[in-house]
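Engineer: Modelling step: build the complete structure from the supplied sequences, incorporating the hints.
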Amino acid sequence: MKSKQDASQSQSSSDRQKWQRVFDALVGIINKQQSQLQTLLSERKLLEDRIRTGHKLYDSDVAFLRERISQMKGALAVQYMMCSLDARKLDLVVGLKQREGLLHKLKLDEAELALADFKECFDVLSAKCPEPKDSGETPPEIRRSKRRCGERGQKSAEELLPPDHSHEVEIERLKQQFDALISEKNNEVSTLMAEKKFVWNQYKLLETNLNDKLKSQETEIQLAKEKISGLLACMEKLQASNRDNDEAIVELKCKIADKEDLARKRGDEIVRLTQELELLRRTGCSSDMPVLNWCTPSGSTASSRNRKISSANMSKQLTAAQVTNSTKSEKVSKGLRRKSSGIDSGQVTPKLFSSAFRVPKLKTPAKQMR
Numbered sequence: 129m130k131s132k133q134d135a136s137q138s139q140s141s142s143d144r145q146k147w148q149r150v151f152d153a154l155v156g157i158i159n160k161q162q163s164q165l166q167t168l169l170s171e172r173k174l175l176e177d178r179i180r181t182g183h184k185l186y187d188s189d190v191a192f193l194r195e196r197i198s199q200m201k202g203a204l205a206v207q208y209m210m211c212s213l214d215a216r217k218l219d220l221v222v223g224l225k226q227r228e229g230l231l232h233k234l235k236l237d238e239a240e241l242a243l244a245d246f247k248e249c250f251d252v253l254s255a256k257c258p259e260p261k262d263s264g265e266t267p268p269e270i271r272r273s274k275r276r277c278g279e280r281g282q283k284s285a286e287e288l289l290p291p292d293h294s295h296e297v298e299i300e301r302l303k304q305q306f307d308a309l310i311s312e313k314n315n316e317v318s319t320l321m322a323e324k325k326f327v328w329n330q331y332k333l334l335e336t337n338l339n340d341k342l343k344s345q346e347t348e349i350q351l352a353k354e355k356i357s358g359l360l361a362c363m364e365k366l367q368a369s370n371r372d373n374d375e376a377i378v379e380l381k382c383k384i385a386d387k388e389d390l391a392r393k394r395g396d397e398i399v400r401l402t403q404e405l406e407l408l409r410r411t412g413c414s415s416d417m418p419v420l421n422w423c424t425p426s427g428s429t430a431s432s433r434n435r436k437i438s439s440a441n442m443s444k445q446l447t448a449a450q451v452t453n454s455t456k457s458e459k460v461s462k463g464l465r466r467k468s469s470g471i472d473s474g475q476v477t478p479k480l481f482s483s484a485f486r487v488p489k490l491k492t493p494a495k496q497m498r
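Here the working numbering is used: the first residue of the sequence shown is 129, the next is one more, and so on.
Check the hints yourself; a few may be wrong.
Dumping the calculated DMTMM-like pairs for lysine to aspartate or glutamate here, alpha-carbon to alpha-carbon at most 20 Å [stated by the list, open to error]:
1) K365 <-> E375
2) K313 <-> E228
3) K146 <-> D396
These are computed hints drawn from the structure, not numbers from a lab. None of the values given here were measured: they were computed from a predicted structure.
Structural biologist: Following this line, the structure appears as structure tokens:
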């Protein structure tokens with residue numbers, strides 16, 4: 129009997145150890161899933177912080193680029209106005225130089241006409257006056273030439289009356305003045321043309337510089353647009369990854385909830401099974417007590433016979449109870465493996481006596497005395 133009790137206790141302890149292992153495994157799985165959830169939450173917070181920082185950087189970059197574009201537009205407008213002002217100034221300078229050139233050309237034409245008139249006057253005088261007269265009166269041709277030349281001849285009528293060599297000297301002097309005037313006018317025209325060429329070259333150089341600046345600014349604007357598009361694409365990728373992480377977190381939360389429900393059910397089953405094991409242990413102890421109490425009458429032949437019969441019947445009953453307990457424990461373990469809802473406590477409780485058990489008939493002490 130003690131060996132059977134020890135076997136039942138060892139079996140119950142082994143079952144308890146098995147259920148304790150199962151419970152520990154479930155607790156470990158739940159703890160592992162909770163740690164995974166914590167890591168996912170920390171990663172989500174990191175991603176949110178990264179997205180916030182990226183969004184802030186994107187906003188700052190956009191604001192900076194917009195401000196830069198507005199500044200560049202203002203600078204371009206100022207440069208365009210300066211270029212237009214310089215062009216107007218250059219046009220004004222060129223117009224003034226052209227006006228001065230035209231004035232000098234008109235003066236040159238007038239000087240040439242005056243020189244031609246002077247030559248004609250000199251030819252007329254040389255033809256009309258071959259020999260000088262001693263009278264102090266001036267001829268009418270000289271008076272006409274004086275009236276015609278006026279101040280252009282720069283000589284009075286009396287200076288036209290000297291001998292023939294004075295006319296040659298005057299002609300040479302006039303030729304020299306004419307050549308000097310022509311050279312002066314040519315120099316002025318050449319200087320005006322050089323100034324015009326210089327101004328035109330400066331205008332072309334300024335135009336090329338402005339075109340280069342415009343091209344460089346256009347390239348900078350294009351690069352800024354590409355950077356903005358790259359930032360937008362990166363932000364979209366981060367948002368997509370955040371959505372994926374949110375979906376994964378929701379799925380893990382659902383799985384954790386399912387696992388917690390399963391663990392709760394397993395815990396309830398473990399509690400119920402421990403209670404059933406306690407009931408089985410108690411019923412096993414109570415089934416042993418009648419056997420001991422049944423063999424207490426006084427020693428006699430009839431009592432010894434009845435004791436043998438009762439011990440045999442009780443041994444049969446105990447073996448039947450152990451068989452039923454073992455079959456029921458196997459059923460409980462199979463039900464737990466299949467995740468069944470469990471067995472009612474009324475079905476698990478062992479029967480104290482089998483259906484084939486009969487109460488032994490004992491003789492009274494009076495009959496024994498007889």
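Engineer: Given the hinted pair K365 and E375, is their alpha-carbon gap at most 20 Å?
Structural biologist: Status holds; Cα separation ~15 Å.
Engineer: Do the alpha carbons of K146 and D396 lie within 20 Å of each other, as the hint requires?
Structural biologist: This hinted pair holds, its Cα atoms lying about 16 Å apart.
Engineer: For the pair supplied as a hint, K313 and E228, confirm whether the alpha-carbon distance does not exceed 20 Å.
Structural biologist: holds, 11 Å
The structure is consistent with each of the numbered hints, conforming to all of them.
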